[in-house]
Amino acid sequence: MFNLKINNIDVTVEEGSTILNAAEKIGIKIPTLCHMSLDCFDVENRTGSCRICVVEVANRPNLAPACCTPVVEGMEVKTNSIRAINARRTMLDLLLSDHPKECLTCAKNGNCSLQDLAAEMDLHHVMYEGAMSKYEIDLASEAIVRDLNKCIMCRRCETACNTMQTVGILTGANRGFEAVVSPASGKSLTETKCVFCGQCVSACPVGALSEMNYKYDVWRAINDESKTVVVQTAPAVRVAIGEELGLEAGEIATGKMVTALRMLGFDKVFDTDFAADLTIMEETHELIERVKANENLPILTSCCPGWVKFFEHQFPELIYMPSTAKSPQQMFGAITKSYYAEKIGKKPEDIVVVSVMPCLAKKYEASRPEFAPNGVRDVDIAISTRELGDMIKEAGIQFSKLDDSEYDNPLGESTGAAVIFGASGGVLEAALRTAADWLTNEDLKDIDFEAVRGLEGSKEATVNVAGLDLKVAVVSGLGNARKLLERIKNGESEYHAIEIMACPGGCLNGGGQPYIHEDTSILEKRKEAIYREDSGKEIRKSHENPYIKQLYSEFLTEPGSPLAHKLLHTKYEARENV
Amino acid sequence: MSSCTCSKDGGCSGIEEINLIKLFPEKTSELDRYIETLNITSDIEQNRGYLIQVLHRAQGIFSYLPEDVQLHVANKLSLHLSEVYGVISFYSYFTDKPVGKYKINVCTGTACFVKGAGRILDELKRYLSIEEGETTADGKFSLGGLRCVGACSLAPVVMVNDKVYGNVTTDMVPQIINDCSE
Ligand code: SF4
Ligand code: SF4
Ligand code: SF4
Ligand code: FES
Chain A
1 MFNLKINNID VTVEEGSTIL NAAEKIGIKI PTLCHMSLDC FDVENRTGSC RICVVEVANR
61 PNLAPACCTP VVEGMEVKTN SIRAINARRT MLDLLLSDHP KECLTCAKNG NCSLQDLAAE
121 MDLHHVMYEG AMSKYEIDLA SEAIVRDLNK CIMCRRCETA CNTMQTVGIL TGANRGFEAV
181 VSPASGKSLT ETKCVFCGQC VSACPVGALS EMNYKYDVWR AINDESKTVV VQTAPAVRVA
241 IGEELGLEAG EIATGKMVTA LRMLGFDKVF DTDFAADLTI MEETHELIER VKANENLPIL
301 TSCCPGWVKF FEHQFPELIY MPSTAKSPQQ MFGAITKSYY AEKIGKKPED IVVVSVMPCL
361 AKKYEASRPE FAPNGVRDVD IAISTRELGD MIKEAGIQFS KLDDSEYDNP LGESTGAAVI
421 FGASGGVLEA ALRTAADWLT NEDLKDIDFE AVRGLEGSKE ATVNVAGLDL KVAVVSGLGN
481 ARKLLERIKN GESEYHAIEI MACPGGCLNG GGQPYIHEDT SILEKRKEAI YREDSGKEIR
541 KSHENPYIKQ LYSEFLTEPG SPLAHKLLHT KYEARENV
Chain B
579 MSSCTCSKDG GCSGIEEINL IKLFPEKTSE LDRYIETLNI TSDIEQNRGY LIQVLHRAQG
639 IFSYLPEDVQ LHVANKLSLH LSEVYGVISF YSYFTDKPVG KYKINVCTGT ACFVKGAGRI
699 LDELKRYLSI EEGETTADGK FSLGGLRCVG ACSLAPVVMV NDKVYGNVTT DMVPQIINDC
759 SE
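Chains as they are written, first to last, in the numbering used here: chain A, 1 to 578; chain B, 579 to 760.
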């Protein structure tokens with residue numbers, strides 16, 4: 001333990017703490033920009049590049065960056081000496097001198113740390129004018145926009161992509177005024193092994209990285225009389241959308257969200273959760289077959305398009321392992337444009353499927369050519385939780401005052417097993433609930449598999465089902481996935497089933513969710529909300545969803561049937577590792 | 579019909595990406611033999627420490643570092659391509675573009691700059707019809723800038739491979755180019 005004084009206040013901190021940590025302890029938030037800490041995932045960006053956090057340390061000639069200066073015994077720190085204040089303002093001034101001042105039209109307007117700092121420091125004019133960077137905006141991908149003119153070189157995206165996700169797309173390139181963060185050879189993200197998880201977008205404190213925005217396409221579809229427009233909402237959206245719209249973090253907003261979607265003008269408000277139940281039917285069927293045959297184990301989940309693209313590029317030799325089941329988003333699209341289209345007597349091309357996702361990779365997934373039979377996409381438009389929040393605001397809907405309402409049927413009914421897809425561990429738990437019943441031919445009551453819950457990056461358990469010891473693992477965050485996959489490749493794993501999600505903590509922390517600005521307690525609250533929603537559900541097992549039963553009896557016959565294979569399963573493709 | 583003069587005239591599917599690794603197996607194995615002498619393991623941190631010297635050797639062998647060479651090095655060292663590219667683009671010593679037989683570099687240090695290095699560079703660009711960082715179509719000349727070479731008393735200075743020209747004026751440009759043919 002070290003004792004120090006900050007602004008003459010005594011504080012004691014653990015060895016290894018920084019001045020920033022120590023100040024936090026006494027309730028002082030030193031301004032930061034490049035520093036990023038996601039404590040529950042053990043991720044930190046400590047490049048010390050922006051110098052916005054400088055403070056005065058007694059007996060040191062130079063100001064010290066608080067975010068990366070370790071505390072020593074007896075240190076005396078002044079956070080607001082006139083020298084520190086001036087230096088911080090100059091830093092900000094210099095950053096702004098090469099920053100397009102387009103806040104009013106910026107995608108991160110209201111979510112930008114640079115904007116916040118300018119407000120906090122009460123900057124009235126920008127002192128310096130000089131050369132401005134001029135980069136072409138990367139609009140080539142379905143999912144992510146890169147506008148490097150706004151990049152402040154904090155390198156937070158690099159930490160997200162390279163350290164946390166180990167995808168390894170982004171690098172600092174060139175030097176001096178030309179320095180920029182980009183993929184190798186200045187390529188567009190589409191030409192790389194980027195998985196579109198969007199974790200770099202969440203990490204970027206400014207508008208240099210943002211989502212590709214499809215709100216206007218949705219408005220146009222809704223206003224097109226000739227189309228039937230249906231919407232599906234992913235499990236993790238309902239526990240986060242409220243944050244955009246004036247509710248407390250962790251409030252479940254399912255009912256209000258359904259009301260708002262109807263008010264926006266969707267013809268039918270359906271639920272991706274229905275398709276999550278369907279995914280469980282197909283995936284569990286596959287799991288049991290593989291376990292019985294003791295073949296191709298472990299089976300890996302395949303609902304996360306970020307993870308799917310990751311193994312296609314970086315672990316092509318394991319391509320036979322993931323379940324062939326499509327993700328819930330794509331199952332929903334395929335069923336809507338076949339079964340449901342037939343039911344309402346419409347052609348697939350006259351139905352527009354809009355999905356609301358916590359995710360940016362879903363935008364990419366929806367555009368994969370194999371999900372557009374005869375050129376008609378199963379999912380026409382995918383928007384993020386943030387985009388839906390914006391649409392509700394634009395429509396002037398007073399979200400917090402709305403009454404609850406229910407999803408439409410038949411594609412709106414779901415079980416507790418489906419909603420937990422939104423949290424790391426949920427897909428596996430849902431599969432275990434169904435597998436246990438199917439293997440024992442019983443209606444088991446003890447269905448809470450606590451061991452696979454939680455935000456930790458990797459979890460494992462051995463579950464006894466019908467006398468069979470099933471060894472399962474759950475990993476989230478691609479860095480953790482990589483470690484496990486290396487073990488599998490080396491034949492060091494004995495698991496039967498593994499759930500993998502690209503985003504740390506699962507979809508509740510997806511790249512399309514409301515920004516948490518490093519407050520990871522929000523993720524904890526979203527997670528609790530998801531399990532609250534699950535335990536509040538009357539039906540908590542996918543195979544007991546009455547509309548799923550109806551779908552099989554009327555249409556698909558049984559899990560794994562030829563028609564189910566045609567509509568609900570897919571193939572993967574080895575891709576270049578660049 | 580296109581006016582290409584290559585043997586594939588008419589049967590060309592577009593400009594193919596250059597792949598030095600495939601094109602020059604003996605050079606590739608020379609590089610691989612060098613890499614084998616290093617202690618490359620699954621420890622990425624440690625491999626990272628070898629990156630610069632491997633790139634150095636690779637550039638010595640292939641004379642420049644296009645993407646396929648970068649990727650080859652990245653795979654050998656279990657690093658991501660982006661990281662290799664980051665290093666190459668940071669150090670002006672490395673280049674990912676082909677360089678000419680004669681590397682003409684104009685010193686852009688302060689003294690040379692003040693004494694008109696900019697004009698010399700402009701004249702070289704005009705004379706060779708290439709921009710800074712480019713190579714003439716015949717692969718003979720490439721043009722670049724150089725940080726101070728420590729010959730400030732001779733400013734402005736132009737270097738052609740290892741040869742130094744001092745007190746250069748724009749009139750001297752044709753002669754400098756001529757010297758190269760010798
Ligand atoms: S979306 Fe994910 S994989 Fe792509 S650059 Fe960002 S962090 Fe890396
Ligand atoms: S793109 Fe964003 S996160 Fe990445 S270095 Fe630039 S400002 Fe930082
Ligand atoms: S974990 Fe969820 S939010 Fe993240 S990429 Fe995968 S599906 Fe999308
Ligand atoms: S926040 Fe400390 S140097 Fe950027």
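Bear in mind the hints are in silico, worked out from the structure with no lab data behind them. Just to be clear, a hint being listed does not mean it is correct.
What the hints assert, rightly or not - Using 25 Å as the maximum straight-line C-alpha spacing, the simulated DSS-like pairs for lysine-lysine come out as follows: (1) Lys-675(B) - Lys-483(A); (2) Lys-187(A) - Lys-654(B); (3) Lys-741(B) - Lys-681(B); (4) Lys-134(A) - Lys-654(B); (5) Lys-654(B) - Lys-679(B); (6) Lys-600(B) - Lys-187(A); (7) Lys-489(A) - Lys-654(B); (8) Lys-703(B) - Lys-134(A).
We went through each hint and held it up to the structure:
Distance check on the hinted pair: Lys-675(B) and Lys-483(A) sit about 36 Å apart at the alpha-carbon level, beyond 25 Å; violated. About 22 Å separates the Cα atoms of Lys-187(A) and Lys-654(B), which keeps this hinted pair within 25 Å; it holds. For the hint linking Lys-741(B) to Lys-681(B), the alpha-carbon distance of about 10 Å falls within 25 Å, and the restraint holds. Between the alpha carbons of Lys-134(A) and Lys-654(B) the distance comes to roughly 35 Å, so the proposed pair goes past 25 Å and is violated.
Of the pairs offered as hints, the one joining Lys-654(B) and Lys-679(B) is violated, with about 29 Å between alpha carbons and a cut-off of 25 Å exceeded. A hinted pair counts as satisfied when its Cα atoms are at most 25 Å apart, and Lys-600(B) with Lys-187(A) qualifies at roughly 23 Å. With a CA separation close to 18 Å, the supplied pair Lys-489(A) and Lys-654(B) stays within the 25 Å bound. Between Lys-703(B) and Lys-134(A), the direct Cα distance comes to roughly 24 Å. Compliance with the 25 Å bound is thereby established for this hinted pair.
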